[in-house]
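Going down the list, the protein sequences come from chains Z and U.
The opening position of the first sequence corresponds to residue 0 in numbering that gives the first Met the number 0, with each subsequent residue numbered one higher.
The opening position of the second sequence corresponds to residue 0 in numbering that gives the first Met the number 0, with each subsequent residue numbered one higher.
Because the hints were derived from the structure by calculation, they are not lab data.
In this text the structure is predicted, and so the values were computed from the model without any measurement.
Hints may contain errors.
What the hints assert, rightly or not - Cross-link-like lysine to aspartate or glutamate pairs, in silico, DMTMM-like; alpha carbons within 20 Å at most:
id : chain 1 : residue 1 : chain 2 : residue 2
1  : Z       : 218       : U       : 26
2  : Z       : 85        : Z       : 49
3  : U       : 57        : Z       : 153
To be verified - To give a feel for the contact side, a few chain Z residues facing chain U, derived at Cβ under 10 Å:
id : residue
4  : 73
5  : 180
6  : 184
7  : 188
8  : 192
9  : 195
10 : 199
11 : 219
12 : 222
13 : 223
14 : 235
15 : 240
Ideal Cβ positions, reconstructed from N, Cα and C, are used throughout, including at glycine.
The chain contents come next:
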Amino acid sequence: MVFFFPSFFFHNHDRELSCGKVSKAFIYIKKIHKMRRVSSLKEYNSLKEEAGNGLGLVVHFSASWCEPCKNVGSMLEGYLSQYNQKVLFAEVDADLVTNVCEAENVECVPFIVFFRTSSRERAQERVADVVGGKLDHLEMNLVSLYGNGHDTRESFPDLNEYLKYLTSRKGVVAFITGTPSRPRCGFTGRLVEIFYELGIKFIYYDVWASDEVCEGLKKYSEWPTYPQVYVDGELIGGYDICSQLKESGELKAILKH
Amino acid sequence: MVAVAEIEARIRSNLEPTSCEVTAISEEDRKYSVAIVSHIFEGMPLLKRHRMVNDLFKEELLSGDIHALTIVANPS
Numbered sequence: 000m001v002f003f004f005p006s007f008f009f010h011n012h013d014r015e016l017s018c019g020k021v022s023k024a025f026i027y028i029k030k031i032h033k034m035r036r037v038s039s040l041k042e043y044n045s046l047k048e049e050a051g052n053g054l055g056l057v058v059h060f061s062a063s064w065c066e067p068c069k070n071v072g073s074m075l076e077g078y079l080s081q082y083n084q085k086v087l088f089a090e091v092d093a094d095l096v097t098n099v100c101e102a103e104n105v106e107c108v109p110f111i112v113f114f115r116t117s118s119r120e121r122a123q124e125r126v127a128d129v130v131g132g133k134l135d136h137l138e139m140n141l142v143s144l145y146g147n148g149h150d151t152r153e154s155f156p157d158l159n160e161y162l163k164y165l166t167s168r169k170g171v172v173a174f175i176t177g178t179p180s181r182p183r184c185g186f187t188g189r190l191v192e193i194f195y196e197l198g199i200k201f202i203y204y205d206v207w208a209s210d211e212v213c214e215g216l217k218k219y220s221e222w223p224t225y226p227q228v229y230v231d232g233e234l235i236g237g238y239d240i241c242s243q244l245k246e247s248g249e250l251k252a253i254l255k256h
Numbered sequence: 000m001v002a003v004a005e006i007e008a009r010i011r012s013n014l015e016p017t018s019c020e021v022t023a024i025s026e027e028d029r030k031y032s033v034a035i036v037s038h039i040f041e042g043m044p045l046l047k048r049h050r051m052v053n054d055l056f057k058e059e060l061l062s063g064d065i066h067a068l069t070i071v072a073n074p075s
């Protein structure tokens, strides 16, 4: 037998109470992972603070009349259990909560904003955007920014093991400054343009997220600058090499694409 | 910041180039471009050529005196 209470009863948190068939009622409370529907700027700011307990926050700006928003919403829902509250997911109805749109300078839907918890102040740093319903870009940013939910630095015994893991992940892995949608260096922007132009799928690591990784990878790879591009844990090179390989027609083959 | 002449001199004294051209892409941003032709690069993979050049400026690249080297390195 299951009891449900109206959601307002629990101050906007949904809880489920369940009774097992025992002589004395055994009650436990389980928090259901779900998309947070934001209804005010105050609530939005509270959510950003709450996200500081984890890796970050993904905000989907949508509208009821927007067909691509449904696909985006479905895809993001699919990630809720994987990230298990380490990453919070929120949806903002752009027609109803206009002050949040203004606060984040969002003027179209679907629009997905990615925040990362900064290591110093635990504040939410806006690091990437996806404009429109590009599901492949959504996935790229999720995997790149938050990993698989379990593979943070603390899971590895030392830095070298972590770097070996990061560089050996499946497919093309680019260590860049900033993100594809918010690059912090011209070389990063130009590298990403090459990948997009050739249709090369990749994931990235923003070395600004970690001084330890930023400095450690230079020693690990004996390569002093960023970007650095890896396939199967092997350094391919930086922007120059990728650009020259593109000109010679070899880049796709070398990236095993 | 590093002088263009210093970069060129170090390349010439280490890589025996038949041709060596160094340009400051942006001195303010400490970005330089080097184009080198040297027999030393014969049969050498692209990554190794670039690593050889980077190694000459390892200290400057680590300290930030050089932010980025754009490298073209060919054997002929």
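Going through the hints against the structure:
1. Z:218 x U:26: violated (26 Å)
2. Z:85 x Z:49: holds (10 Å)
3. U:57 x Z:153: The given pair, whose Cα atoms are some 30 Å apart, is violated under the 20 Å limit.
4. 73: Because about 42 Å separates residue 73 of chain Z from the closest Cβ in chain U, which is outside the 10 Å limit, the hint is violated.
5. 180: violated (22 Å)
6. 184: Hint holds; residue 184 of chain Z Cβ to chain U Cβ min 8 Å, cut 10 Å.
7. 188: violated (13 Å)
8. 192: Constraint on residue 192 of chain Z not satisfied, violated at 16 Å.
9. 195: Hint violated; residue 195 of chain Z Cβ to chain U Cβ min 21 Å, cut 10 Å.
10. 199: violated (18 Å)
11. 219: Status violated, d = 14 Å.
12. 222: Holds - the Cβ of residue 222 of chain Z comes within 10 Å of chain U, reaching about 7 Å at its closest.
13. 223: OK, holds: residue 223 of chain Z within 10 Å of chain U, min 4 Å.
14. 235: Since the shortest Cβ distance to chain U is 7 Å, the answer is holds.
15. 240: Constraint on residue 240 of chain Z satisfied, holds at 5 Å.
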